[in-house]
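Trainee: Respectively, the protein sequence lines represent chains A and B. Just so you know, the first sequence maps onto residues 3 to 695 in my numbering. Just so you know, the second sequence maps onto residues 19 to 198 in my numbering.
None of these hints come from the bench; they were simulated from the model. Glycine included, each C-beta is placed from N, C-alpha and C at the ideal position. Where hints are given, some of them may not hold.
Derived DSS-like pairs (lysine-lysine); straight-line CA-CA distance at most 27 Å [what the hints assert, rightly or not]: (1) A:K97 - B:K55; (2) B:K55 - A:K99; (3) A:K413 - A:K426; (4) A:K97 - B:K163; (5) B:K183 - A:K107; (6) B:K103 - A:K97; (7) B:K183 - A:K97; (8) B:K163 - A:K99; (9) B:K183 - A:K99; (10) B:K161 - A:K99; (11) B:K179 - B:K103; (12) A:K99 - B:K57; (13) B:K129 - A:K97; (14) A:K413 - A:K398.
Not everything, but these chain A residues come out facing chain B in the computed CB check (under 8 Å) [claimed, not checked]: (15) N63; (16) L65; (17) S66; (18) A67; (19) L69; (20) F70; (21) D71; (22) E221; (23) N225.
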Amino acid sequence: MIKRLLKNSLSIKNKIILISFSGLAIALFMVSAMLVFQNSQSESKELSNRLLIQSQIIANNSLSALLFDDPATATEVLTALQADNSINSANIETKTKQLFATYLKSTDAPSNHLTLYRALPWLKKEFSIQQDIFYHDDRIGSVHITASLSQLHQNNINYILITSLVSICSMMLTLLLINAALRHTISPIISLTKTTQKISRLNNYKLRAEVLSQDEIGELARNFNDMLSEIEHKDLILERTVADRTAELLQLNNRLQHEASHDPLTGLANRLLFEDRLQVVIAQAQRNKSLFALMYFDLDHFKAINDTLGHDTGDALLIAVTQRMQIAIRAEDTLCRIGGDEFTLIINTIESAADAETVAQKMLTAFALPFKCNEHELSISSSIGISLYPEHSAKKIQLKQFADIAMYTSKQSGRNNYHFFTKKMQTDNSQKMDTRVLLKTNLKSSIANGELEVHYQPQVNMDSRIVGLEALLRWKDSNDEFISPNVFIPLAEESGLIQDIEEWAFSVICQDYATWQKAGIDKLNISINISGYRLRQNGFTQFIYHILEEHNLSADFLTLEITENDLMQNVDEMTEILSSLHENNIRIAVDNFGSGYTSLNYLQQLPIDEFKISSEFIRHLKPGYNDNPVINAIIGLAKTLNKSVTAMGIENHEQLLQLDSFGCNNMQGYLFSRPLNKKEVSDLLSHTQFLPL
Amino acid sequence: MNSYIRKKIRIYLLTFFNIVFFTCAPSYASDKSMENKLKALYIVRIAEFIEWPETTEKTSFKLCIAENSPIFEQLQLLQIDTINKLPLHIIALNKDTALLDCQILYSEKEKAEVSIIQHPILTISSELDFARQGGMIEFYIDKSKVRMKANLEAFALARLKPSSKLIRLLTIVTTAEQKQ
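Looking at chain A on its own, in the form it has when it is part of the complex:
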């Protein structure tokens, strides 16, 4: 029980008192018990000795009475025992056990028996002793004395009561002394405890414990104070760190919020913030019964700049355009970039449509001067569409849609102008927009529905021998109408389907080529158009090798065609990718060579095998002229660099003859063959290796 008490929430003071008190109680109990026992033994022995002596005296004194047969005298002798109150009775017997004399204590004698003694009936009540009486070594009788033990027991009880009383007094005194001593000893601990509670309650580590003694508790208080100093120091550092981290997090949060709602390139509000601002402006306009205008901007021919001069220049142009647009608007208006070259402007609180027209005019003026980007001076214009609240609509979605339609109208009407939305525009454009949406939707299922096909246009050398095929993608929709690659490839790129389509086409081409190989057709070269973006994608080259391995084909039949612009984007990375492909016997051709900005220096470094002259150049060949400086230069450069040259878009004999005279290696065009499907190619190649003119 004491262990449980010590374990519980008793204070140290009470625990010490409990331990001391328990120890003292046990010690006093043991000492008292020992004293009582010893006293009892001593008194028993004393009583025994006394009775023995008295019996001897009686025996001695009663000898003559026995000898002279005088019981009266013997009785007198026994009467002397009445002086001893403890003796209840005494007898003298002859040697034949006959009672000779007797003594019985008077019932009038005072009794010392206390109630407590009477309450203990199991105690032995009497003690007897016998002493033989001898005469000349003959036993002539005996004395029997019986004494009451009540006095002895009473003495023991008294002793127990006294020792108990003394013990209780001692314990109370000890309790007082311990309490007084502990009050002095424990007070530093109590003070220390109160300090810790106060620190815990207030979280104030500047508080210190009072050092009230020089003993271990004092040392504890000092160590505690040292610890508090350390905690205070660390707390301070922690608080500073937390403050710093909080500030950083706040900054990061602000930055993330800003990034989430702003375009990282231009710093303008992005589509998300635009939507939000537009909602707010509509609410304000509703509340204030005011007007506002929403403008959609689209930069004219920006894609061409991006493709020809690269994304870095395109990005620099976007930044420059943004800066100039910001100058043209008011601070309270919101300019946003919602797509690649698409911007919006919310013009708050206008009086009339004329105000919006003024802003549109200022915007067009802002684009009048060329932009200087990455050492290029670029001229670019913008097509603007305007919708008005609440004139055109009070709904956000419609306002956006109407501004977009108006912008599209500006594009259709020659670009670099602005148009307000009209109902007629909505009717005209809805059909066109629906077509785009429908195409995107159908394109997604085109592969699964088998609507996509790979066609091959033969390439011939100057002897009309078929040396290769260019793989071209065709989409015949559910109405059996061919949709131009110029239409669906941008849609595929826009919707992200281009990757799936390219991978599907690669697989089909390899499968077709494997079929022709098995049919015993001579080795041919297959050219495939590939974008620089796909080439740079992780895993694309591995995908090519995997497909080839799957169809058990060597790579030396493949020619990848890349445009000049893709080739010149991040030349170092492209060099590494193309070198890897080239080392694996894949040929590299530059598509539409001469229409871009290829560095001659890089032409030497890049592992290029072939130049393909754009059909634009071939189309401009003038009949009767045997000289075309550009084509001459391209073919001359190719020969100098030991590259082969393929001319595309050959449509007549004149072109054929001229190119032959220029020293072109291979040709491709409707003069020889239109693009053929797999079956047609198989039939052609199974019959001939030549294409007659």
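Put chain B on the given structure of chain A with help from the hints.
Mentor: Chain B alone, transformed into the frame defined by chain A:
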């Protein structure tokens, strides 16, 4: 042979008569005999509670008693050889007996011998008023028990010291009463 048979018959007859005599004798005779026997015994025991003067050189105890005294016979029968580890000699009194050599004198007279009063001789008698007449111890019968009277003056004159244990049993008398 006949004389042997006759002798045997005479012994048997004598024994028969003795048995008849003793068993049919009056109770008085029996009580008297017991009384004498006790007295004989008491005489010896009394001696053991008496302290004789140190000047007395004792090598034996001499108990002088008249030969015709019934107690003499009982003393003989008791066959007690020693008193206080000294040999006991029972001396039959006659006119030549030197009383002064006796340590104990049992007298059948009423009065103690004057000649030995101041000598360390324990005088005992069963005669009435013996103690009062200057004797030391007098047997008497009280409620069928043999009791003793004592004259401590006589003890003092004779320089004998009776034990207190003995005195407790005695009925003390003085000679002074007798003188009156």
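Trainee: Does each hint hold? Answer for all of them.
Mentor: Okay, the hints, checked on the actual structure:
{"no.": "1", "hint": "A:K97 - B:K55", "in the structure": "holds (20 Å)"}
{"no.": "2", "hint": "B:K55 - A:K99", "in the structure": "holds (23 Å)"}
{"no.": "3", "hint": "A:K413 - A:K426", "in the structure": "holds (16 Å)"}
{"no.": "4", "hint": "A:K97 - B:K163", "in the structure": "holds (19 Å)"}
{"no.": "5", "hint": "B:K183 - A:K107", "in the structure": "holds (24 Å)"}
{"no.": "6", "hint": "B:K103 - A:K97", "in the structure": "holds (24 Å)"}
{"no.": "7", "hint": "B:K183 - A:K97", "in the structure": "holds (20 Å)"}
{"no.": "8", "hint": "B:K163 - A:K99", "in the structure": "holds (20 Å)"}
{"no.": "9", "hint": "B:K183 - A:K99", "in the structure": "holds (23 Å)"}
{"no.": "10", "hint": "B:K161 - A:K99", "in the structure": "holds (23 Å)"}
{"no.": "11", "hint": "B:K179 - B:K103", "in the structure": "holds (18 Å)"}
{"no.": "12", "hint": "A:K99 - B:K57", "in the structure": "holds (24 Å)"}
{"no.": "13", "hint": "B:K129 - A:K97", "in the structure": "violated (38 Å)"}
{"no.": "14", "hint": "A:K413 - A:K398", "in the structure": "holds (23 Å)"}
{"no.": "15", "hint": "N63", "in the structure": "holds (6 Å)"}
{"no.": "16", "hint": "L65", "in the structure": "holds (7 Å)"}
{"no.": "17", "hint": "S66", "in the structure": "holds (4 Å)"}
{"no.": "18", "hint": "A67", "in the structure": "holds (6 Å)"}
{"no.": "19", "hint": "L69", "in the structure": "holds (5 Å)"}
{"no.": "20", "hint": "F70", "in the structure": "holds (5 Å)"}
{"no.": "21", "hint": "D71", "in the structure": "holds (6 Å)"}
{"no.": "22", "hint": "E221", "in the structure": "violated (85 Å)"}
{"no.": "23", "hint": "N225", "in the structure": "violated (90 Å)"}
Checked against the numbered hints given earlier, this structure breaks hints 13, 22 and 23; the rest are met.
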